[in-house]
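**Student:** Sequence:
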Amino acid sequence: RITDHRINLTLYKLEIVLEGKLDEVIEALKNSMREIVLGKEA
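Heads up: the sequence shown begins at 1 in my numbering, then just goes up one per residue.
It should be emphasised that the hints constitute simulated quantities derived from the structure, not laboratory data.
Source: prediction; values computed, not measured.
Don't be surprised by glycine CBs; every beta carbon is placed ideally from N, CA and C.
Certain hints may be false.
Cβ-Cβ distance ranges computed for the label pairs, FRET-style [as the list claims (entries may be wrong)]:
#1 Ile-36 - Ile-2: 30 to 38 angstroms
#2 Met-33 - Tyr-12: 30 to 38 angstroms
#3 Thr-10 - Arg-34: 17 to 25 angstroms
#4 Lys-40 - Leu-18: 31 to 39 angstroms
#5 Asp-4 - Leu-38: 30 to 38 angstroms
#6 Glu-41 - Glu-15: 19 to 27 angstroms
#7 Ile-2 - Arg-34: 15 to 23 angstroms
#8 Glu-41 - Glu-19: 14 to 22 angstroms
Please put together the full structure from these sequences, using the hints given.
**Tutor:** Below is the structure:
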């Protein structure tokens with residue numbers, strides 16, 4: 001299990017991430033940053 005508490009993400013795909021397939025992690029981080037930026041613009 002991989003958990004990033006900063007963006008409230010938990011993945012149960014450790015082997016996939018260890019293989020370097022970080023798409024889900026990167027997308028979650030992008031979405032989190034997008035929400036932060038949009039929140040500051042409001």
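**Student:** Has the hinted range 30 to 38 angstroms been met by the Cβ atoms of Met-33 and Tyr-12?
**Tutor:** 23 angstroms, violated
**Student:** With respect to the beta-carbon atoms only, verify the hint that Glu-41 and Glu-19 lie 14 to 22 angstroms apart.
**Tutor:** 37 angstroms, violated
**Student:** Is the gap between the beta carbons of Thr-10 and Arg-34 within 17 to 25 angstroms?
**Tutor:** Given range 17 to 25 angstroms: holds, Cβ gap about 20 angstroms.
**Student:** Go ahead and decide if the range 30 to 38 angstroms is satisfied by the Cβ distance of Ile-36 to Ile-2.
**Tutor:** 21 angstroms, violated
**Student:** Just tell me: holds or violated, for the beta carbon distance of Ile-2 and Arg-34 against 15 to 23 angstroms?
**Tutor:** Holds - the Cβ-Cβ distance for Ile-2 and Arg-34, about 21 angstroms, lies within 15 to 23 angstroms.
**Student:** With 30 to 38 angstroms as the target window, see if Asp-4 and Leu-38 comply at their CB atoms.
**Tutor:** 20 angstroms, violated
**Student:** I want to verify a distance hint. Is the separation of the beta carbons of Lys-40 and Leu-18 within 31 to 39 angstroms?
**Tutor:** Distance hint for Lys-40, Leu-18 holds at roughly 35 angstroms.
**Student:** Note whether the CB distance of Glu-41 and Glu-15 lies within 19 to 27 angstroms or breaks it.
**Tutor:** Violated - the Cβ-Cβ distance for Glu-41 and Glu-15, about 39 angstroms, lies outside 19 to 27 angstroms.
In this structure, the earlier hints numbered 1, 2, 5, 6, 8 are contradicted, and the remaining ones agree with it.
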